[in-house]
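All chains, full assembly: derive it from the sequences and hints.
Protein chains: 2
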Amino acid sequence: MPNSRSTPLDTTAVRRRNLSAVLDLVHRRRGVTRADLTRALGLNRSTIGDLVGVLVAHGWVDERDDQTRSGVGRPSPLVVTRDRWLVAAINPELDVIDVALVSLGGEIVARRRTFVERPSAATAVEVAARVVRELSAEHPQATVLAAGVAVPGLVRRGDGCVRLAPRLGWRDEPLAEALREALGMPAAAANDAHLGSRAELTFGAGQGAASVLYLNGGPSGIGGGIVVDGRPVEGSAGYAGEIGHLSVDPRGIACACGAHGCLEALVPRAALTAAVGLAHPDDDELDAALQQAVTAEGDATGPVSSIVREQLGWLSIALRSVVNLLNPERIVLGGHLAALWRASSADDRAASLAEALPVTATDVRIEVAALGAQRLLIGAAELAWDGLIADPTEVVPLEAAGASAS
Amino acid sequence: MPNSRSTPLDTTAVRRRNLSAVLDLVHRRRGVTRADLTRALGLNRSTIGDLVGVLVAHGWVDERDDQTRSGVGRPSPLVVTRDRWLVAAINPELDVIDVALVSLGGEIVARRRTFVERPSAATAVEVAARVVRELSAEHPQATVLAAGVAVPGLVRRGDGCVRLAPRLGWRDEPLAEALREALGMPAAAANDAHLGSRAELTFGAGQGAASVLYLNGGPSGIGGGIVVDGRPVEGSAGYAGEIGHLSVDPRGIACACGAHGCLEALVPRAALTAAVGLAHPDDDELDAALQQAVTAEGDATGPVSSIVREQLGWLSIALRSVVNLLNPERIVLGGHLAALWRASSADDRAASLAEALPVTATDVRIEVAALGAQRLLIGAAELAWDGLIADPTEVVPLEAAGASAS
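Top to bottom, those sequences are chains A and B. Per our numbering, the very first residue in the first sequence carries number 1; after that it's consecutive. Per our numbering, the very first residue in the second sequence carries number 407; after that it's consecutive.
There's no promise every hint is true.
Below, a sample of chain A positions facing chain B; criterion: calculated Cβ distance under 7 Å [said to hold, decoys possible]: (1) T12; (2) R118; (3) S120; (4) L154; (5) R163; (6) V228; (7) S236; (8) Y239; (9) A240; (10) N324; (11) L326; (12) L357; (13) D363; (14) E367.
Stretch by stretch, here's where chain B covers chain A in the computed footprint (C-beta under 8 Å, at least three residues) [stated by the list, open to error]: (15) 188 to 196; (16) 229 to 235; (17) 327 to 340.
These are calculated hints, taken from the structure and not from any lab test. These numbers were taken from a predicted model, which means no experiment stands behind them. No residue lacks a Cβ here, since even glycine has one placed at the ideal position from N, Cα and C.
Written out as C-alpha cells, the structure is:
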C-alpha cells in the first residue's frame with residue numbers, strides 16, 4: 001500500500017525531485033519566471049538558478065527576459081519551454097491513426113493523420129512507428145524521447161495492455177510493449193477519456209482546479225476522467241472513470257455493456273445527430289446545428305428541444321450522483337455532451353444540479369471542454385512526459401552538468 | 407493546484423520526512439522490524455538505526471527483540487509503539503459524547519461514554535474537554551498531544567467547521583476551533599463516515615488495499631468514504647463520500663435531502679429493524695436477528711427475506727455505479743449494510759455486481775467492516791495523528807537528539 005503520509009528520500013533523490021519540480025512547473029505553466037519558481041517551490045534563489053542552469057545546459061528549457069513585466073527593479077528571467085526534446089502522441093481510432101510530436105508545455109509541433117479502416121493493433125503500431133520516424137526526420141533539431149497512446153477502450157494500468165477496445169475490435173493487445181519495441185523508446189498507453197481529462201485539467205477548462213470530473217461523449221458512448229487533489233484517479237487496475245455506465249434508470253433500456261439504464265444508453269450522440277438530420281457531423285457541426293435548431297424552434301416542446309431536455313434530464317441525474325459522491329470543484333463536458341449543454345436553456349442548465357446536496361452543488365462549476373479535438377493527443381503526450389519529467393536526470397546526466405542541485 | 411508529479415525538498419525537510427516515514431510505518435503496522443523498515447523505506451541500515459534512535463530517545467517507540475522469528479542469524483530488533491504520547495478521539499452523537507485516548511497504532515488506551523441528550527456544540531466541547539482532562543489525569547505516564555473529532559454531519563475541509571449535522575441540529579459550528587481553545591492543543595474535525603473508512607482502511611477490513619470504498623449504514627442514513635491510491639478522497643470542500651445520496655431510482659420516494667430515489671431513502675435501517683420487530687437494536691443485535699429471521703423463513707418470499715432482497719437490489723445498483731466509476735479494489739460495508747449483506751443469500755450476494763463492467767467487477771472484493779463500533783474513534787484519532795506523524799520534529803527537537811537523520 002502506498003504511504004499516504006510521506007515517502008523517504010536520499011540526497012540523489014532530492015536533486016532529482018528538485019529538477020523535476022522545476023521542469024514540471026515550466027511545463028504546466030508553459031513558461032514561468034525564476035522569481036515565480038522560487039516562490040512556488042520554496043527553494044532559495046541560488047538553488048533555482050542552479051537547477052535552471054542544468055535544464056538550460058541540457059536543452060530542456062531556455063531563458064529570456066520577461067517582456068511582460070513593467071514594474072520597478074530588474075525583471076526576473078523567464079524560463080520557457082523549447083522543442084529540443086519531444087514526445088510522440090498516438091491516437092488510433094476507427095478509421096484513422098492520429099500521430100503528433102508534442103513539446104514540453106503540451107504544444108503540438110507536428111501532426112499527421114493516416115487513414116486506415118479498422119486497423120488491427122499490429123497495423124496501428126506499424127503505422128504509428130513509421131509516422132513517428134517520418135515526423136522526426138522532418139524535425140532534425142529535435143529528438144523524440146518517449147511515446148504515449150490514447151486508446152478508445154479499457155487499458156490495464158501498469159503495462160498498458162489493451163484489455164478491450166470494442167470499436168476497434170481489440171482484446172488483450174499488449175500495445176505499449178509492441179510500440180516500445182517498434183520505436184525503441186519508452187511507451188505507455190491509457191484510456192482516451194482519462195487522457196483527455198488530464199489534458200483538459202492541465203491546459204484546458206480544468207486548469208487551476210484540483211478536483212475535476214470530465215465527461216466526454218462520442219459516437220461510441222460516454223467516457224470520463226476523474227481528478228482528485230490534482231491526481232488522475234485510475235482505479236485499482238486502470239478502469240476508473242466509466243461515467244457512461246452509471247445507472248440512471250433501473251427500468252431503462254439495455255446498454256451495450258449488458259446492464260440496464262446506463263447514462264450512455266439514455267444519452268446517445270446518435271439521437272442528437274438524427275434530430276438535426278446530420279449523418280456524420282463532427283462535434284463543431286453538431287454543436288452549431290443543435291443550437292440553430294433549438295433557436296429556430298423557440299419552444300421547449302419542439303422535437304429537437306424535447307430531445308435536448310430529455311437528455312439533459314438524464315445527464316443531470318448522473319451529475320447529481322457524482323457530485324454528491326466526489327464533491328468536485330469543476331465538471332468539464334466534452335464532445336456531444338458539450339453540444340447538449342450549450343443547446344440547453346439557461347433555466348434547464350441552472351436546474352441541472354438542483355437535486356444535488358446544496359453544500360456540494362454550490363462548490364461546483366460546469367464548463368465545456370476547451371481543447372477540442374487536440375485534447376486526446378495532448379493527453380497522450382502527458383503520459384509520455386510523466387516519466388521524463390519525473391526523472392529528467394535519465395536524459396540530463398547530472399555529473400556532466402557540473403551544477404549542484406540543492 | 408497541487409503538483410501531481412513531485413514536490414521539492416530541502417535537507418531539513420528530508421530529515422523530517424524520513425522520521426515521519428518511519429513513524430508512519432510503525433503506526434500502520436503496529437510494530438515492524440528494523441530490517442522491514444530498511445526494505446520498505448529504501449534507506450540504508452545505519453540511517454534507519456539513527457532514525458529509530460531519535461524516535462526511541464523521544465518516547466515515540468520502543469525496541470525489543472523480535473520473538474516471532476525463528477530463522478538463522480541475529481534477529482532484527484522489533485520497533486513497537488508505546489503510549490508515552492497519545493491523542494484524544496471524540497465522537498459526539500445524538501445521546502452520548504464518546505471520548506477515547508488512543509496510542510500510536512490506533513489502539514484505544516482508555517474510553518469514556520458520557521450520556522447527554524442532543525448536546526449543543528458548546529456542550530459537546532465542554533464535556534469532551536472535561537473527559538479528556540479526566541482520562542489524562544488517570545494516565546499520568548502519557549501526554550495527550552492533539553485531538554480529532556468524528557462528526558455525524560458535513561464538515562468543511564481545512565477549518566473543521568461543522569456546516570450541517572442534521573441529527574444533532576448543528577449548523578455552522580466552528581467545532582475544531584472551539585475544541586482547540588478548550589483543550590489548548592491542535593484539534594481537527596471531519597465527517598464520521600470518512601473517518602470510519604480511514605480506520606477500516608488502515609487497521610480493519612480495508613487493510614492492504616489501495617482503493618477502497620466504504621459504505622456505512624446507520625439510523626440517520628448511509629454515509630461513505632472513498633480511498634484512492636491510499637489517500638482519502640475529501641472533495642474540493644470536504645463533502646465527498648455521500649454515497650447515500652446516489653440516485654438509484656429517478657422515480658423513487660423523496661429523500662430527506664430533497665431529492666428523489668436516493669440510496670439511503672430506499673435502503674433505510676428502520677425497515678430492517680421493523681421487519682425483525684426490534685425497537686432500538688445495536689448493529690450486532692440487528693445482524694443476529696436478521697440472520698435468524700431469514701433462516702427461520704427459509705424462503706426468499708418470506709416477509710423479512712423479501713425486504714432483504716429488495717434492499718440488496720437497490721444497494722447493488724449503487725455499487726455497480728460506483729464500481730464502474732472508481733474501479734476500487736475493495737468495498738467495505740458497515741452498520742446495517744453489513745447486516746443486510748450477511749443476511750442475503752449467497753446467490754444474491756454473488757449477483758450483486760452482475761451488471762457492473764466485467765473488468766471492474768472482477769477486481770473488487772466485498773467485505774463487512776471489521777472494527778465495529780470503535781472505528782469512528784480510531785478514525786478520529788487518525789485525524790489527530792496526521793499532523794504529529796507528518797512532523798514529529800515539532801515534538802521531538804532534532805537538535806537535542808544528537809542523531810543525524812540522513
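Let me make sure I understand: some of the numbered hints might not hold for this structure. Which ones are they, in numerical order?
1, 2, 3, 14, 15
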